[in-house]
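Undergrad: Could you put together the complete structure from these sequences and hints?
Just so you know, the protein sequences line up as chains R and V, in that order. Numbers in my numbering are just positions in the first sequence, counted from 1, shifted up by 3. One point on numbering: in my numbering, the residue at position 112 of the second sequence is 92, and numbering is uninterrupted.
Derived by calculation from the structure, the hints in this document are not laboratory data. As the structure is a computational prediction, the values presented were derived from the model and not from experiment. Where is the CB? At the ideal position from N, CA and C, for every residue including glycine. Heads up, some of the hints might be wrong.
[Stated by the list, open to error] Which bits of chain R does chain V cover? Going by a derived footprint, with three or more residues having C-beta under 8 Å, they are:
| # | region |
| --- | --- |
| 1 | 25 to 35 |
| 2 | 40 to 47 |
| 3 | 71 to 78 |
| 4 | 107 to 114 |
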Amino acid sequence: SQTIHQWPATLVQPVGSPLSLECTVEGTSNPNLYWYRQAAGRGLQLLFYSIGIDQISSEVPQNLSASRPQDRQFILSSKKLLLSDSGFYLCAWSNWGETEAFFGQGTRLTVV
Amino acid sequence: GENVGLHLPTLSVQEGDNSIINCAYSNSASDYFIWYKQESGKGPQFIIDIRSNMDKRQGQRVTVLLNKTVKHLSLQIAATQPGDSAVYFCAERRRQTGNQFYFGTGTSLTVIP
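TA: Take a look at the structure:
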């Protein structure tokens, strides 16, 4: 069966520090991968989408970047965090053409 | 996605009553609409989808209605139970550039025992 792992679960980082959130998927190959951000009490915003290794599209201009060095690994990064980067970050995967996306448990990032 | 900056609307229903959660969309290019349920502190979970050329689809205790004329989507939950308390999101899939899913603001459903 397929599983998605996302870590860490919570993270408190100072302003200006770097960020690296990792997401891995098991049990499937060539998944579509997604990074979403959810501000407290609000909706999910699509940040990055990837259809394959090193193939990433950015949905909104921002202080973050994403990389996909391996087929089932998706990394969200920042060189210098801003206060506005605080939020709940969710990684998800889907099979090409299917409508169901499977989400990880999320990382709650607080920038202080 | 649209409206991600708005605060969540809320809905409270008595246990056993039916719930109706609404969603408006703006993009006519979406080929599927999907409902997700998100429990506190967790990632969203898929509930049901509907293709854009359909107007109704039923699942177990849930029914999704799609009105393309007014770009409106609804999720009906029959005999609402305490375990249904969660935030519900509608999402659109747009295939013209890939397999991206764009989420609405969400509605917080509270079931009163």
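Undergrad: Run every hint past the structure and note whether it holds.
TA: Going through the hints against the structure:
{"no.": "1", "hint": "25 to 35", "in the structure": "violated (count 1)"}
{"no.": "2", "hint": "40 to 47", "in the structure": "holds (count 5)"}
{"no.": "3", "hint": "71 to 78", "in the structure": "violated (count 0)"}
{"no.": "4", "hint": "107 to 114", "in the structure": "holds (count 3)"}
Violation of the numbered hints given earlier is confined to hints 1 and 3; the remaining hints are satisfied by the structure.
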